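Enquirer: Chain by chain, the residues:
Protein chains: 2
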Amino acid sequence: MTERIFNFSAGPAVLPEPVLAQAQRDLMALPGVGMSVLEISHRSKTFEAILADAKQSLKQLLKLPDNYHILFLQGGASLQFSMLALNFLHQNAAYVQSGSWASKAMSEAKREGQVDVLWSGKSDKYVRMPAQAELALHSAVDYVHITSNETIEGIAFQSDPDFGDVPLFCDASSDILSRPLEIEKYAMIYAGTQKNIGPAGATLVLLRDDQLSRAKSGLHTMLDYRTFTESDSLYNTPPVFTIYCVGLVARWLLEQGGLESMYQRNRAKAAKLYDVIDASSGFYSGHAAADSRSLMNVTFRLANEELESRFVKEAQALGLDGLKGHRSVGGIRASIYNAFPEAGVDALVSFMKDFQSRV
Amino acid sequence: MTERIFNFSAGPAVLPEPVLAQAQRDLMALPGVGMSVLEISHRSKTFEAILADAKQSLKQLLKLPDNYHILFLQGGASLQFSMLALNFLHQNAAYVQSGSWASKAMSEAKREGQVDVLWSGKSDKYVRMPAQAELALHSAVDYVHITSNETIEGIAFQSDPDFGDVPLFCDASSDILSRPLEIEKYAMIYAGTQKNIGPAGATLVLLRDDQLSRAKSGLHTMLDYRTFTESDSLYNTPPVFTIYCVGLVARWLLEQGGLESMYQRNRAKAAKLYDVIDASSGFYSGHAAADSRSLMNVTFRLANEELESRFVKEAQALGLDGLKGHRSVGGIRASIYNAFPEAGVDALVSFMKDFQSRV
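Going down the list, the protein sequences come from chains A and B. First residue of the first sequence? That's 70 in our numbering, and the numbers climb one at a time after it. First residue of the second sequence? That's 70 in our numbering, and the numbers climb one at a time after it.
No false leads were mixed into what you were given.
A pair holds if it fits inside one copy or across any two, identical chains being indistinguishable in the list.
Here are the simulated lysine-lysine pairs, DSS-like style, with alpha carbons at most 25 angstroms apart:
| id | residue 1 | residue 2 |
| --- | --- | --- |
| 1 | Lys285 | Lys179 |
| 2 | Lys114 | Lys382 |
| 3 | Lys173 | Lys285 |
| 4 | Lys173 | Lys191 |
Derived by calculation from the structure, the hints in this document are not laboratory data. These numbers come from a predicted model, not from an experiment.
Modelling step: build the complete structure from the supplied sequences, incorporating the hints.
Expert: So, in structure tokens, the structure goes:
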């Protein structure tokens, strides 16, 4: 096997090695099928089983009640920003402006109706998520929209906010499957697959059935959620291979003990990095407020950009790749999704301590 | 290597074995990169090179002039039906209703403006494409839309129609790269990748630069072609693996001698099947008129559905898979895209002759 390095990329991101090994095995021909997983028809019994299996594993992982649809779309969270507003924004909706991704979601929604800013962290440079007490609704809205984890800033809701009967929509692209969810609190959760669910190429949508009757009529077929609920995501050719990989990842997560087990591991992994930051006497300066720290994207800065460049470069030379922060905010970002190995976290911890001791 | 059968599916479809072999090799780690092709960031130099290489190979194959953008989107041709109308249908557009896919394109366009039926084969059950003389425009339109190959009915334009200065939009999902194109005749060509370009998961769009200034303003970001031209298809995470595979397929096509060479091979492959149909004294009855026969999807019927079922079942037992016609029209369909091996065509020819001799 070719040597693998530690991939701290924010997405596409590291995948579990057993998943890669099985995908590799099936690449020339699925056992007993005689075709590559890249070549099978989406109307075949083989793919029907792959889709059903992926959905069943996700349902089990998320303890998803029967009244939620599991859909596979395309276009990433960015298309969902538009699609959810096209379907569900009749008059006005309340958005929590928690960071870069929430702001993008708001920009698209504004094309369809009034966007009320329920809370914004913009003036504080998005260092924290709001507390439940800061999220009181004072008027009727079509829905509330949150971003559970801001990938770029590295902040996350630590638990699921509660909006009672008001439909809650959540972009969970960068932390879905990283911890158990109180799923009943959500009307819809969506996530690009390329961070914590699989390779790039699909968008997972969990949609509560009661929302369908609220959707607008006359929508373009591919922008109407009912197209996907009514066809089981098979109105047209779905991203077959990505769905197949999502199924492998979901089964791997079940084998690891499910989301409670992953949550424990993720807390332990993230704590190792935050501990180094906290013990560095300010040499490493974390971006997130302590009570809003992301378990998936650990963001911090050094004294200046020159030092940050040197940090990234030296880490890279040691096989610690993808640590440069998002181009819009700079700094350092270590993305440590479910599949990121603890050995990679330990390697970064060692490097951070060593780097501080040397400069 | 696990044994492979002959896959006559209409898409997702057979891929070249050398492409599968290379994808398989890179599945655990790209040589010199230390990560799987499924794990690389779309902002990495590795992916930049993959994207540039795929575009360069396509440009070379299609002899694409510099004023055409090569874009990778998602959502298949079905989303393009909507997106092209959202962008370019200001008042009215002329559609050639050549079959099932053209009809779907028209349905979505009607949401945005007036759809003039320039020509329709519906009353003849879509057995042929119109001749150039049947395509005269009598009033101004925003664009003309054609479907170069109707996958379901198995009919195809044999050459590129000419509409002068009127922008010509073409859904080429099932025959792009099967023959050289007079590309300058087209303002935009689009195609799902899963038939003749690669695995499912991306939509290739070739868009002439002069069209961008004609697009409507205020569009949702992910539904605006300018988002993709301005970001080189990297506004958000693209379908990385599918684009990688498209690059491998394009390079394979160049190694085969390019599109003129593929066109010769495709004509030879299709001729073998049409010859059996023509020599069968009506046992096999081709759907397409002789002058509109598709080189990609060979459609025919037997005397009754019972015989067709038996044909499909016996073929399947011999490793000839995917021959059942589309569920909307029935009959038999042999999809023989670029990557479909001549040995598979020969095997089907033998089976067809044998089957006729026995029943």
